[in-house]
Amino acid sequence: MTKTLNWGLLSTARINRALIPPLQVSKRNHLLAMGSRSQETADAYAKEQRIPRAFGSYEALLSDPEIDVIYNPLPNHLHAEWTIKAVEAGKHVLCEKPLALSVDEVDAIQHAARKHGRVVAEAFMYRHHSQTLKVQEIVKSGSLGVLKLIRGSFSFMLTREGDVRLKPEWGGGSIWDVGCYPISYARTIVGENPLEVFGWQITGQTGIDETFVGQMKFGGDVYAQFDSSFVIPFHAFMEVVGSKGTLNIPVPFKPGVNEKIFLTRGDKTETIKIKGQELYLGEVEDMADAILLGRDSLVSLDDSRANVAVISALLESARVGKPVQLN
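Okay, so the sequence shown: first residue is 2 according to my numbering, each after it adds one.
Just to be clear, a hint being listed does not mean it is correct.
[Stated by the list, open to error] Below are the DSSO-like pairs computed for lysine-lysine, each with C-alpha atoms no more than 27 Å apart in a straight line:
(1) K141 to K274
(2) K116 to K86
(3) K28 to K48
(4) K135 to K255
Hints in this document: simulated from the structure, not taken from any laboratory. As the structure is a prediction and not an experimental result, all values here were calculated from the model.
Please build the complete structure, drawing on both the sequences and the hints.
Put into structure tokens, the structure is as follows:
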């Protein structure tokens with residue numbers, strides 16, 4: 002009989018609402034507990050979300066021997082610390098993006114995961130959707146010809162005062178929050194990491210990049226351009242350009258059950274319909290595959306490390322005003 006993995010939510014973060022439904026319908030995963038910084042808050046949240054167990058501290062949650070997997074949606078600056086603590090407590094971890102704020106932090110997570118034999122994966126939910134897999138298939142098939150250029154954008158208006166994403170010391174900024182998506186998408190499509198990056202940023206009142214514009218140079222003369230922002234109305238897309246055609250993905254990062262992508266070659270545009278599944282279910286089932294079946298996670302720690310390295314290099318480029326090369 003297949004084992005059911007018991008999950009615990011680390012905090013009452015808003016993003017939990019996206020993960021709770023998949024956990025409640027999955028046959029191999031079960032939402033057992035949640036932890037908050039006070040018992041009162043934990044009890045109220047657990048009752049509202051119909052979660053069996055509530056703990057008044059994060060430490061108490063990690064101490065529950067019946068919990069197999071921890072979902073870490075804490076603010077960015079706490080991702081590495083609490084992911085490592087969870088691993089050391091014997092738990093597998095699905096951590097929200099970005100996995101960490103530096104390559105050194107990713108290395109520490111990877112070391113802990115190997116030492117304790119636990120699975121740690123970054124929650125890039127779009128990577129598991131059939132639309133993303135179809136885009137990769139089209140590019141690899143040669144339908145676009147030789148890959149030349151990738152463009153992407155992810156912006157929205159962040160108007161909530163005091164939001165954690167506005168705090169630089171907490172890993173705030175548009176590139177860490179939404180710019181990470183087109184960066185990850187471009188790297189996934191190319192299948193390798195950029196050789197050099199260049200970035201510009203517009204700094205907001207709190208010191209975070211409220212708008213970021215970047216370029217990435219890959220091997221084989223493939224280039225990628227992206228932008229992210231907290232002060233531009235919602236705008237999200239990806240475009241993949243080859244020597245023979247262009248692939249447009251209107252909803253790349255949060256695709257639904259039924260989506261369409263558009264392949265243009267010459268004066269003809271083909272509409273490709275994508276039948277998907279609930280967006281966040283893929284990352285939940287991927288964790289079950291990795292833990293129960295021993296399969297590699299779709300988003301590996303090496304992949305996450307590379308994405309963090311690229312973002313860090315782009316921020317450094319914006320700071321010094323020069324291109325930055327990656328090893």
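| message | Between the alpha carbons of K135 and K255, is the straight-line distance 27 Å or under? | response | Holds, because 15 Å separates the two Cα atoms, which is no more than 27 Å.
| field | Proposed proximity, K86 with K116 (alpha carbon, max 27 Å) | value | holds, 13 Å
| message | Just to be careful, I want the Cα atoms of K141 and K274 compared with a cutoff of 27 Å; is the pair within it? | response | Satisfied, since the Cα-Cα distance of roughly 18 Å is no more than 27 Å.
| Can the restraint linking K28 and K48 be considered satisfied, given a maximum Cα separation of 27 Å? | Holds, at roughly 22 Å.
No hint from the list above goes unmet by this structure.
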